[in-house]
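On the provided structure of chain A, position chains B, C and D as indicated by the hints.
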Amino acid sequence: MKYESQSIAKLYFIAAIGLFVGQILFGVILGLQYVIGDFLFPEIPFNVARMVHTNLLIVWLLFGFMGAAYFLVPEESERELYAPWLAKLMFWIFLVAGALTILGYLLVPYATLAEITMNDLLPTMGREFLEQPTITKIGIVVVLLAFIFNIGMTILTGRKTVITLVLLTGLVGLAVFFLFSFYNPHNLVLDKYFWWFVVHLWVEGVWELIMASLLAYVLIKVTGVDREVIEKWLYIIIAMALISGIIGTGHHFFWIGAPDYWQWLGSVFSALEPIPFFMMTLFAFNVVNKRRRDHPNKAATLWALGTAVMAFLGAGVWGFLHTLAPVNFYTHGTQITAAHGHMAFYGAYVMVVLTIISYSMPIMRGREAANARAQVVEMWSFWLMTVSMVFITLFLTGAGILQVYLQRYSEDPMSFMATQEKVEIFYWMREGAGLIFLIGLILYIISFFVKGEDVKMLGSSVSIEETS
Amino acid sequence: MNVRTTETDEELPRLLPGDFAIWFFIFAELLVFAIAFISYAVARIQNVEMFNQYQLTLNRELGAANTLLLITASYFVVRAIHAIRIDDVKSCVRWLYLSLGCGSGFLLLKSLEYYEKFSHGINLSTNTFYMFYLSLTMFHFLHVILGMVILLAIAIKAQRGGYTAQDHIGIETGASYWHMVDLVWIILFPLVYIIR
Amino acid sequence: MKSVKTDELQIKRASDAALASLLNLTILPVISFIALLLIHRKTQADTIDHYHAVLGVKINVIAAVVLFLVSALMILLGGFDSPWTWVYVISYFTIVHTIFIVFALWALVRAWSGDRLWS
Amino acid sequence: MRETFTKGMARNIYYGGSVFFFLVFIGLTVDTVQTLPKTDNRENLTEEVVAGKRLWEHNNCIGCHTLLGEGAYFAPELGNVYTRFGESTEAIKGFIKSRPVDGIPGRRSMPQFNFTDQELEEIAQFLKYADGIKVARDWPPNIQG
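Protein chains in written order, with the numbering used here: chain A, 1 to 468; chain B, 1 to 196; chain C, 1 to 119; chain D, 1 to 145.
Same shape as in the complex, but just chain A:
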């Protein structure tokens, strides 16, 4: 670690992992509610658990992105953070606000929460993923602005690199598009149309910029490949992401009452959306193949490669699977969407945050890489989580196909609830895979505490294979 203020990232990463655990625990509860309908009812009904699950995901990923920015920006800019105290202050504000919001979800009925946070003054609650009380949303904006100010000043007054500039555009876009969450018209079609300005333009737009720059940073560090080469790739990949992704928003406008031309535009452009992910895999493979040194942190390299492959699989392939309008007509709003959502979020965003944690945590703890035994445990957790996520996706896809066939495609369609009983077997298997994911996550946390001898970078003479 070259700059002292980089260590603020540690705070953010610990919080991120903590919230990640919470997210997965609620995921396991949700999976069980799918098969045992009255589990925890009426104390924690499904909608509350789901809200906690998805909101925790968003919040911990934001913590992860912020931590990543605080770690890499000083090093890239070659100066200390502009205002370390502000970063610490915002951390606590964000953590407390986030915790209070989650507690609010769990302790009082949602309608009561809306009442006590005076949602009627500026109604923004009750829409998928944007369930946070208006006051929390304002808090998020404040935290984001302070964060961007801090990061932006550091970048602009220090050395400017492609990675930091791309990261900055991504973060600014993140803040700007979040503003659409305050627009909640009475007209349901308009409401849905602009709701996607937050959701789609986040996950298939600006977040991809953040993800690509984080990945590029870690790859430069662990492979020692020339920065010039990596930066060209970075530009081309994110250019493709935006070229396909911006109008690709159209694939959400198929069935909400928007004009018919979105069927064509949405299909054409979202057919291109796998390309950036495809290129990201090619890029990561190429850079690792061309590596100039064997970095002792094998786990970070594994996470980086895994991110590229799983993002391609989850966001690219599983997205393409049901994005064309004639297919989406049948699959829209079924378990296929759930399958895609799980793998895309895990593959693209969860894994990229875990990649940067894996790379930076040992450095912040005063060594180049975790010891060999810890890395082995970490790699086990990688495989457990990744493979179980593949299975979760496959089982949900199976459930989705069966659901589409029985409920939408067959000549004698079944009712929703009757269909759900028919696909129960898949929900049981998904729950099993979910439990294995939880085990993987526990191993991941254990890996931070495993003791052993340090691995140092001594050319290629010390490697994980010898010690494990």
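Hints may be right or wrong, so weigh each one.
To be clear about the criterion: a stretch of chain B counts as covered by chain A if any three or more of its residues have a C-beta under 8 Å from a C-beta of chain A, and this derived list gives those stretches [stated by the list, open to error]: (1) 19–32; (2) 35–41; (3) 125–135.
The hints are simulated quantities; they were obtained by calculation from the structure and are not laboratory data.
Note that CB positions come from ideal geometry on N, CA and C, so glycine has one too.
Just chains B, C and D now, kept in the frame of chain A:
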């Protein structure tokens, strides 16, 4: 896609003119247009009669004139490259401005065409044929504007002596993009205006 | 210097072969396979380009068999009108197809650096 | 291809390409917003419906149901529930009113929200309004949603 930077590369014949980066963009754009053209074909098969009927309302003369303008513009761009190869900056700039003139002519004629259609109350939601006609040609229209912005940037840089016989990769890059715009129109024009 | 140049040409041809193999698996099936076969004809035994051309042909033939034959068998055995057939066929096809693509990607990267698949 | 893949050009494509497509997107959004009155059923957007939408939001219905295919996938689609319930707001109200407080053993159940008669009418009117939105190809594919 090749990131090798070894010196031996220059011994190999260059496959694509201009900066390699632009080819990613051109490739993506061509893919968009290709998928859009296929979609058009599919939609046409489903509604042959409707497509044939409304196709007759399109102004073929203007379309043909526009085709001519774009091909001429492409020719001028080629002349500009030939000029810079013998270090003739002056005529290079002249050819570039001439092709910009052709591009402007295209935009003008196309605007006239749109004006006529819009004054009949036709828009993207009128029917499937007009939806395709408008979205394909307008999307192409925007590409012509983008191509012209690129050509203008190149012309200004050339005027200031930014290119030489040895170093004019920027012009080749812009020219490659412009040819792509031209090519798309050459496919689009018969597809939407003529083929029945 | 002559040998260096031949090497470069071989690497270029190996890259082309790997690219054709990848394209055949993705957006340009059949045409790319013909291109791959044409590249294969130009190569000589025991060279890197020959290796990648053969590898590409192998990947694609195996992929064709594994994807289409097995899928067809699933449909034949499961019945066209059974929902379960489609549950298996679609999930199977998607995941296995992706595995082949990722494999071909790695082959392409190795071809770029003039290496065999595993060194 | 030495020096012919430059970082400057890659950067220009990133900025140029994203600005270009973003402008196209804004243009399409303007057209969409202008065309929406034909499909979005705004003529039936009464005060009751607006109140119903607020109730829908304040009880986080989207956390279990889908509405026009968006939401959670735990409970039935409601974009066509008015049609499914025989075009009867009374049937919808009756269903919501009859949910047991402690759920149904072993099965999924909608919570009992204890709505007043006025609120029940509002939420039913909201669902009727949502059903009236003209969606492409009349999605969902059939009455089951």
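Here is how each hint holds up against the structure:
{"no.": "1", "hint": "19–32", "verdict": "holds (count 6)"}
{"no.": "2", "hint": "35–41", "verdict": "holds (count 3)"}
{"no.": "3", "hint": "125–135", "verdict": "holds (count 5)"}
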